[in-house]
Amino acid sequence: MSHQLLAAGTNADAISRETVFWILAILATGAALTMILVRRAVHCALMLAVVMLCLATMYAMQGAPFLAFVQIIVYTGAVLMLFLFVLMLIGIHSSDSIVETIKGQRLAAGLAAIGLMVLLSLGIGHAALGPPTHQNDALNGSGNMPGIAQLIFSTYVFPFEVTGALLITAALGAMVLAHRERTSPKPTQRDLVARRLASGHLAPDPSPGVYALHDAADRPALLPDGSTAPESVSTALAQRLVEDEEPPAVMKEVES
Amino acid sequence: MSPVHYVALSVILFVIGGVGVLVRRNAIIIFMCIELMLNACNLAFVAFASMHGNLDGQVIAFFVMVVAAAEVVVGLAILMAIYRARRSASVDDANLLKY
Amino acid sequence: MTPIGATGMLRESWLLLAFPVFGAVVLLLGGRRTDRWGHLLGAAAPIASFVYAVIAFFALLGYHGPGGRSRVLHMYDFIDAGSFHVNMGILLDPLSISFVLLITGVGSLIHVYSIGYMAHDPDRRRFFGYLNLFIAAMLLLVVSDNYLGLYIGWEGVGLASYLLIGFWQSRNSAAVAAKKAFVVNRVGDTGLTIAIFLMFAEFGTVSFQGVFGSVHSGGSGVATALGLLLLLGACGKSAQVPLQSWLLDAMEGPTPVSALIHAATMVTAGVYLLVRSNPILALSGDARLAVTVVGAVTLLFGALIGCAKDDIKKALAGSTMSQIGYMTLAAGLGPAGYVFAIAHLLAHGFFKAGLFLGAGSVMHGMNDEVNMRRYGGLAKYMPVTFATFGLGYLAIIGIPPFSGFFTKDGIIEAAWDKGGTSGAILAACAILGAGITAFYMSRVMLMTYSGSKRWAAEAHPHESPATMTWPMILLAVGSVAGGGFLVLGQRFENFLGPVTGVPPTAHGVWSAAGGIALALAVAGVGIAWYMYGRVPVPAEVPRGSFVTVAARKDLYGDALNESLLMRPGSWLTRLSVYFDNTGVDGLVRSVAALVGGSSGQLRRWQTGFVRSYALYMFAGGAVLVLLLLVVRL
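Residue numbers (our numbering), protein chains in the order written: chain L, -7 to 248; chain G, 0 to 98; chain H, 20 to 652.
Be aware that one or more of the hints could be misleading.
As the list claims (entries may be wrong) - Reference listing, derived: stretches of chain G covered by chain H, where coverage requires no fewer than 3 residues with Cβ under 8 Å from a Cβ of chain H:
no.	region
1	18 to 25
2	82 to 95
To be verified - Covered stretches of chain G, as calculated for chain L (at least 3 residues, CB under 8 Å):
no.	region
3	1 to 13
4	28 to 37
5	46 to 57
6	61 to 69
Source of the hints: derived by calculation from the structure; they are not laboratory data.
Values in this document were obtained by computation on a predicted structure and should not be read as measured data.
Just so it is clear, CB atoms sit at the ideal spot from N, CA and C, and this is done for glycine as well.
Next comes chain L alone, as it looks inside the complex (with noise of 0.2 Å):
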C-alpha cells in the first residue's frame, strides 16, 4: 500500500500524464519568460515561485516524489523565502530600467542563447533515450526514500559528507559577511535613558490613531501639538500620488 502511494503519480495512464505534463511545460516556459522580463524583482521571485511549482508536480510524476516534496520544502519554502527576505531589506524599490547600457548586449546574448538551444537539442536528438514508463517499478523497487537512502549512505557517502561541511561553512560564512562591526560601544539601558532625558522628549509618541481623525492609510497621523506626522504615510503609498489629482487637504500640509 505504501510502496503504491509512494509510487503515485506513475500509474497514471499515458493520456492524462501528457496532458499534465503539457500544461506544466507551458506554464513553466511562461513564468520563466515572465521572470526575466518584469521590471519589479518581487514579480521576478513570484514568477520564480511558479516555475518551482511546477518543476515539483514534474519530479513526482516521473517517480520521484521525495525529490518534489524536498523541492517544495527546501526550494521554494526555504531558498526562495530567503531571496524575499534579502528584496525586503535592501530593494524592494529597485527596478531596473529598460534602456541596456551596454552596446550589443541583448543581442549577442540572444544569438548566445540561440546558438546554445541549437546545439543541445543536436545533443539530445543523437542522444539514445528510450521509454521510461515500464521501468518506473523498477525504479522504485522497495519504495522511493528507501532507495535514495540507500545510494546516499552507501555510494555517495562520502558527497554526503562534504556537503554537510559545505553546507556549516555557508552558515559561517553567512554570518561573518553579514555581520556589522560595531564602532561605538553597543548603548545599555542606562545610556539610552540618558539621551532621552538630554533630548527633552521624555515621553514616547503616542501610538498611531490616537489623535486620528481618518484612519485611511494614505493619511497622515496627528500629533499631539496638533502638526501632522510626516513619517506616518508609507513612502510606498506617498510615491503613488497621481500628479494631477488634487491631494487631499491634509496631504498638502505633509508635503509642504
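Got chain L; can you put chains G and H on it based on the hints?
Just chains G and H now, kept in the frame of chain L:
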C-alpha cells in the same frame, strides 16, 4: 512522457535562465535566474534517472539542491554587504576593474 | 724516422721553457713589488736557458748512430678527444737547437743591454716581464714537436710583439702600430690555422712525425694547399709581401724590442715554419715556386724602402724585410737552399741585432733622436758603437770574410743552380738586392757617423754604459765570424742535413754569381759615397724622384691595404650596423610594438561590466558544447 520532452524543457528553461543572467541588472534578479538554471539541470537529472532506471540521477539532483542552497546563502550575504557599502544593487555599478 | 725518447741531460729540456715562464709570471704578477730587482731576474732567465741550451747542444753533438741527433721529450697529453690526439713534447734536433741557441744567446745579450737602455724608464720591470714572455713563446714555437704547440708559440710571440710595440702605452702612435702589427699578423695566422685544420682532416694528426710520415698519401694537391697556407702564415709573421706593412710601424717600440723581435727572432719564425715543413714543400713544386717569388719580391721591396727612410730604425727595418726575403727565397729552393736559409738566418740574427743595438746606442746618446738628418760625425764621440755598427755593416753588405758574404753567396748560388728562367731571374733579383743593400746601408753609415755635425742644439753625444756596449761587442764577434764558421767546410750542411736535406752540388767559396754580387756591392757603396759622403747631407728633406717618393710611402703598401681592404671593410661594417639597427632591432622592436598594440586593443575587452564577462562565459560554454558535439558525432 518520454524523457526527451523533459530534457527539452530543461534545455529551454536553462537557456531562458542564461539570457536572464545576461540582460538583467539587478543583482538579486540575476541570482534568481541562476536558480532557474540550476532547477533546469535538476529536471534533466531526474529525467535521466527515470530513463536509466536507477536512482543515481535523483541523488545527484538532491545534492545539487543542497549546494544551491548553500550558494544562495553565501551569495546573498555578499550582496547585502555590497549593498551596505555602496547603496546600490546594480551589477553595472561594480565596474572599477576596467581598462 | 721515429725520433728517440730523450735520455740523460736532455730529459730536463723542459727547463728551457720553465726559466722564462717563471720570470714572466713573477715579474708580471708580482707588480710593483718586484720593481727593484725585476730587471735582474728578467735578464737571468734567458741566460739560464742559454746555459741549458749549450749543454743540450753538446749532448746532441755526441749522438751518432740510428735516430741521428733528434730526441723527443714527451711532456704531457694535451688533447685527447675522440680521434684527435695531441701530445705536447719537446723535439731537440739540429734545426730546433740552432734556433734555441740563437734565441737564448742573442736574447740574453739583448736582455743585458736593456738593463742599461731602459734604466730611466719607470716601467722597466714590466718590459722584462714581456720580454721573458716573448722568449718563452718563441722557444715553445721552435722546440714543439707538433704543429699545435708551434701554433701556441706562434700566437704567444704575436701577443708579446703587440705588448712590446705598444709598450709606451701613452703614445698614440705606438698603440696604433701595435694594433696594426697584431691585425696583419692575424691575417697570416688564418693561413696557418687552416693548414692545421687541413692536416687533421687529411692525416688525422698534427704532430710533425705523423704529418711528415703520411704526407705522401695526400697527393700533390693537398701538399700544394698546405704549402700555400703555410706560406701565408709565414708572410704574416715574417713581414713578407703582401703582409709587410706592419714591420716599419713596429719600430715604435723600444729599440731592444726591435732588435730582438723584429730582427733576430720573431720575424724569422716564418722561415722556421717553412724549413720545418720541408717534407710538405718537397711534394709541391707550385708551393715552392710561390715561396721563391714571395722571397724575391720582398727582398727588392724592402731594399727600396730602406733607401728612402731618414729614420734610422725604419731604414734598418726595411733591411730586415729584405734579408728575410733572402731567407724565404732560399727556403723555396728545396734542399739546395734550406741550409743556407738557416745559416743566413743565424748570421742575420747576429749582425742585425748588433746593428739595432748600435742604433739604440746612438739614440741613447742623441736624446732619442731618430732622424738621421740630425746625426753626422758621430764616429769620434761613440767609438765602440761606431766599431760594432761598422762590423755589422760590413757583414750585411756581404764583404768577405764577414758572415754575410758566405751565407748570401750560398743563397745566390742555390738560386742560380735552380736552373731555367726562374733560376736566372731569382739569382738576378738576389744579386741586384745585394747591390741595393750595400747602397742603403752605406747611406746609413755615412749619414750617421761621418760628415758634418747636424745635431740639435741640446745634443751632447756620449758613449753608452758598459751594460750596453758589451752585448754589442759580443754580437759584433758573431757578425764577423759567424757566417764563415757555419759555411766553411760544410760544417752547417753536415749538421743540419739530416733534418732538411743537403744541397746537391757543393760549391767553393768563390763563384761567378758571387763575384758579380760582390762587384755590385762595391758599386753600391761607391754610389752612396758619391751621394752622401762627398756632399753635405741636406738638413731638410729634398723632393726626390718618384721612386724616392714612393719608397718614402713604403711603396704604397699602406695605401693599397687601405683601398683594397680597409675601406671596403668599413663600408661593410657600416652596412652591417645599419642592417642590425633597422633590420634586427627593427624586428625585435616590431615584435614589442605588435604586442603592445595588440594589448592596447585587447584590453578594451576589460569593460568592467560583470554582464559582459558573463556573456563571454556563456558564449564560451556554447563553443565548448559545439566542440564536444563535433568530436563525438
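Here's how the hints hold up against the structure:
1. 18 to 25: This one holds; 4 residues, not fewer than the three required, reach chain H with a Cβ under 8 Å.
2. 82 to 95: holds (count 5)
3. 1 to 13: Since three or more residues must qualify, the claim that chain L covers the region 1 to 13 of chain G holds, with 12 doing so at under 8 Å.
4. 28 to 37: Three-residue rule met by the region 28 to 37 of chain G, so holds; n is 6.
5. 46 to 57: With 9 residues close enough to chain L, the hint holds.
6. 61 to 69: Satisfied; 8 residues make the cut.
Of the hints listed earlier, there is not a single one the structure fails to meet.
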